[in-house]
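Participant: With chain A fixed as given, assemble chain B onto it according to the hints.
Those sequence lines, one after another, are chains A and B. By the numbering used here, the letter at position 289 of the first sequence is numbered 289, and the numbering carries on one by one without gaps. In the numbering used here, each residue's number is its place in the second sequence (first place is 1) plus 1000.
Worth flagging that the hints you see were computed from the coordinates, not collected in a lab. Please read these numbers as outputs of a predicted model, since none were measured by experiment. Please note that a few of the clues may not be correct.
[What the hints assert, rightly or not] Dumping the calculated SDA-like pairs for lysine to any residue here, alpha-carbon to alpha-carbon at most 25 Å:
1) A/K218 / B/A1367
2) A/K259 / A/S246
3) A/K449 / A/I433
4) A/K79 / B/S1238
5) A/K218 / A/S165
6) B/K1235 / A/L282
7) A/K79 / B/A1367
8) A/K79 / A/E160
9) A/K79 / B/E1234
10) B/K1375 / A/E101
11) B/K1375 / A/L282
12) A/K79 / B/A1372
13) A/K79 / B/F1363
14) A/K164 / A/F232
15) A/K133 / B/P1335
16) B/K1375 / B/S1208
[Said to hold, decoys possible] Some residues of chain B that are not near chain A, with every Cβ distance over 12 Å (derived):
17) E1024
18) R1050
19) A1064
20) A1268
21) A1276
Ideal placement from N, C-alpha and C gives every residue a C-beta, glycine not left out.
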Amino acid sequence: MMNFPGWQVDIGLEIHAQLNTASKIFSGSATAFGATPNQQASFIDMGLPGVLPVANGAVFEKAVRFGLGIGAKINRVSKFDRKNYFYPDLPKGYQITQMDEPIVLGGQVTIETEAGEKIIRITRAHLEEDAGKSVHDAYDDATAIDLNRAGTPLLEIVSEPDMKSAADAVAYARKIHQLVTYLDVCDGNMAEGSLRFDANISVRRVNEETLGVRSEIKNLNSFRFLEQAIHFEIERQIQTLESGGSLIQDTRLFDPDRKETRQMRSKETSTDYRYFPEPDLLPVELSDAFIDQIQAGMPELPDEKSSRFQSEYHLTEADARLLANDLTLANYFEAVAQGVTDPKTAANWIKGDLIGKLNETETQISSTPVSPKQLVELIGLIEQDVISGKIAKDIFQALWSKEADSPRAYVEEKGLKQVSDAGALEPLIQTLIDANPKQANDLREGKDKLMGFFVGQVMKQTSGQANPQQVNRILRNLLGL
Amino acid sequence: MSIEFDSIQTLREALDGKAISATELTKHFLSRIDQLDPSLNSYITVEHERALSTAAAIDKKLLAGERAPLLGIPIAEKDIFCTEGVRTTAGSKMLAEYRPPFDSTATANLAAAGVIRLGKCNLDEFAMGSSNENSYFGAVKNPWNQERVPGGSSGGSAAAVAGGLCVAATGTDTGGSIRQPSAFCGLTGIKPTYGRVSRWGMIAFASSLDQAGPMARSAADAALLLEAMAGPDEKDSSCLTVPVDPYSTLIRQPLEGMRIGIVPSLLAEGLSESIAEAFEDCRKGLEKLGATFVEIELMHHHHSVGAYYVIAPAEASANLARYDGVRFGYRCEDPADLQDLYLRSRNEGFGDEVKRRILVGTFALSAGYYDAYYKQAQRVRRLIQGDFLQAFDQVDMILTPTTPTTAFSLGENTEDPVAMYLQDIYTISANLAGLPAISFPAGMSLGLPIGLQLVGPHLKEATLLSCVHQFQQVTDWHHQHPRDWA
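If we strip away everything but chain A, and leave its shape as in the complex, we get (with noise of 0.2 Å):
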């Protein structure tokens, strides 16, 4: 953790955050990951002369939906601009955005700081087709471009720098990343570029009310290249101003494998977009009646279900913003929860068992093997006492495997009932108790800790099958305790 005594930083993160629409912004083309290089790219997308770009409808909804989860306020009239430079991933040499009047105005997140809740207000977020890729080690002397995601849905999040740390920052890229996600308007998919950060750093002397010249660190796709980044930004400025240098307005690029940025251009040789009203599109006018409908669709947010899952569940904190912080497994959790009698061994069991599961085999919870039924089911056979909790885990096991479908049918078929009855226990329990005389006593004069001796001892004889809590109270009877 970093320590700058008299210095404070100012952080703003500028998020570009891929829409899950199926199409592209302005064409048909598809936006899925990974195709062959320009294989999604049709006339439209490769700007050919003769073109025009027309707005996909769906990508409103997901702005709005966006805009409304941050309590924002929603631009009734939507309209696009051109925004103009040269390069080869930009094939008609401007990108269609929105400058002066972005779909979404203000709004904030809450994160979760060391300091405790801090309030991050979002500045901004506004529609914009991206460019494609320019890929520099697929020829020796040619640099290739990929137009497959030119044209893709981006919403640019834009943050007032409010952020005072690299924690800070994180937290607040993860809550975005959370928000997107559970709002169903991005996958989240980082690897594959569908969430992409810029951050904007300045450093000023703790009584210093202007901020401090400003660097752009731009294209940081992973929340460890984020945090590293600022830190070593953070350090760069520091440093340069207490040497006596100054700093100039720039933009950079974060090296990960040097962990430091290099300037890629300065404020001087900055690039005048030219932005000007686009002519091709028609301004978008969305009616109070469109934005009540996605109101009325508004998911819960994790927040909001976190403490239902408090109050209706009777959860605690930690295991409730566990299993509200991703919405397939809230919808997991909740599913397992109404279908038994106590909520919390439903999660007990998601946040042990299955996540445990999960981590280990590196599988998304959207995949797993052990759907929601089933965990209802084999719960049900603990709760009706026809199973112990350690055979369960055994169940649990194969259903992940496989080897078994239906909990119950497992059962049966191997035989894994739990011996509750008396009649068998007792005298199973009284030979015990006769083959041991000297761990009897001692038990009697208690040393409690040999319970655990008799249980163990029933357990190996019945195959763990035997009821522990009857194992116990007969136990018990038995030595007069």
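Facilitator: Coordinates of chain B only, in the frame set by chain A:
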């Protein structure tokens, strides 16, 4: 009259009545093109094989009894409309070998209507010009007098129609590029309401101003073509969704009760005497047909050229940014690096006028200048449109000259871009306001045609076509054509 100057109606009857086949008709035009176009240079690409195979297919249809207004009519298209698999150059070295992988909507619509495309016509490069002297493929000559320009930017289309090298042609009009060459060549050319014809596949010059339209020998012919070209298209967001009026059935409206506006300030100066005279004669003619004339003002009209030459180049500077030597089109040899690739490909691929306008447009949008130039020009544009909308409360259309002079000489204005720009002084305002406007032949002076213009309210193409059609029932100017120019 020899068939190359026949009206569509006459040719229709001949084709339907089997007096001539589509193949014979096509061969006739192709042979004329081969023989006579070298002295006009109106075509960039002549599609002999394709035209004949289309004609053969159409002859089968005609024999089977199929009937349609444009079935088998040979036309030409301005080489700014993308034609699938067929070279589309925009008159530029930048696209000299470019073959589009799709048809423009206008092209597809005309093909569906059964026309036979003879080839692609010459034009000022990227539609920027008023004389067709800015083409990479050489200047076009006016068939009325080959030392004169045919006008521009649709100069090739105009010369081809006027010279009897096709029955009609398509053009595009951003500041007058259909109307001005129509006037110089004695044709009837209409720029419809902005958004009436889809811009899909029409290589863009200035997106908020470009419109496609027909250039023909009469209002009746123009109506048939416009009917086929126009219509809703979901591939163009600026294309109007209202259905197309059946123009060809609406051209017989009598002029009784029509109020036509005249703008005295437009007739005050800079107009050649012969055109002023033709204007008066036309006015009398229209009055005889029942129209009444009302004097009106268009207060901000004199700002049209200034506003246009900020807005159009600005939009063009962005529209032409895609021509960078990377994905298609001209690329310089052995580029040293990316900068070099861009600079040399564009420097070598574009002609002077295009470069001039890109520079002007880039400047007008640049930081510190946007408000004073681009934004201000758009505000003035709104005022100019407002003048027209107000005027149309009092009148049904407005009569103006199309051009200040008849066709000027080749080389006369090439050294003075501003003098060239002022050629568009009467036509530009209709583009700025998105209004339909038509130019029609109304006189001759020293062997050169005189054209006059009618501007109408949005979506009143039928009114304009009808008025010109009535005028053409009692005048002969549109029947005249250059003779012995070969």
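Participant: Below or equal to 25 Å on CA atoms is what counts here, so check A/K79 against B/A1372.
Facilitator: Status holds; Cα separation ~22 Å.
Participant: Verify the proposed pairing of A/K79 with B/A1367, using a straight-line Cα cut of 25 Å.
Facilitator: Satisfied, since the Cα-Cα distance of roughly 20 Å is no more than 25 Å.
Participant: Need the status of pair B/K1375, B/S1208: alpha-carbon distance at most 25 Å?
Facilitator: holds (14 Å)
Participant: Given the hinted pair A/K79 and B/E1234, is their alpha-carbon gap at most 25 Å?
Facilitator: holds (19 Å)
Participant: For B/K1375 and A/E101, compute the direct alpha-carbon distance and say whether it is at most 25 Å.
Facilitator: holds (16 Å)
Participant: When you look at the beta carbon of B/A1064, is every beta carbon of chain A farther off than 12 Å?
Facilitator: B/A1064 clear of chain A: closest Cβ-Cβ about 34 Å, beyond 12 Å.
Participant: Holds or violated: A/K79 and B/F1363, Cα atoms, limit 25 Å.
Facilitator: holds (23 Å)
Participant: Checking one constraint from the list: CA of A/K218 to CA of B/A1367, max 25 Å. Satisfied?
Facilitator: holds (23 Å)
Participant: What's the verdict on A/K218 and A/S165, does the C-alpha distance respect the 25 Å limit or exceed it?
Facilitator: holds (17 Å)
Participant: Taking the shortest Cβ-to-Cβ distance between B/A1268 and chain A, state whether it exceeds 12 Å.
Facilitator: About 34 Å separates B/A1268 from the closest Cβ of chain A, which puts it past 12 Å; holds.
Participant: Is the straight-line distance between the alpha-carbon of A/K449 and that of A/I433 25 Å or less?
Facilitator: holds (15 Å)
Participant: Would the pair A/K164 and A/F232 pass a check requiring their Cα atoms to be no farther apart than 25 Å?
Facilitator: holds (14 Å)
When each numbered hint is compared with the structure, no violation occurs for any of them.
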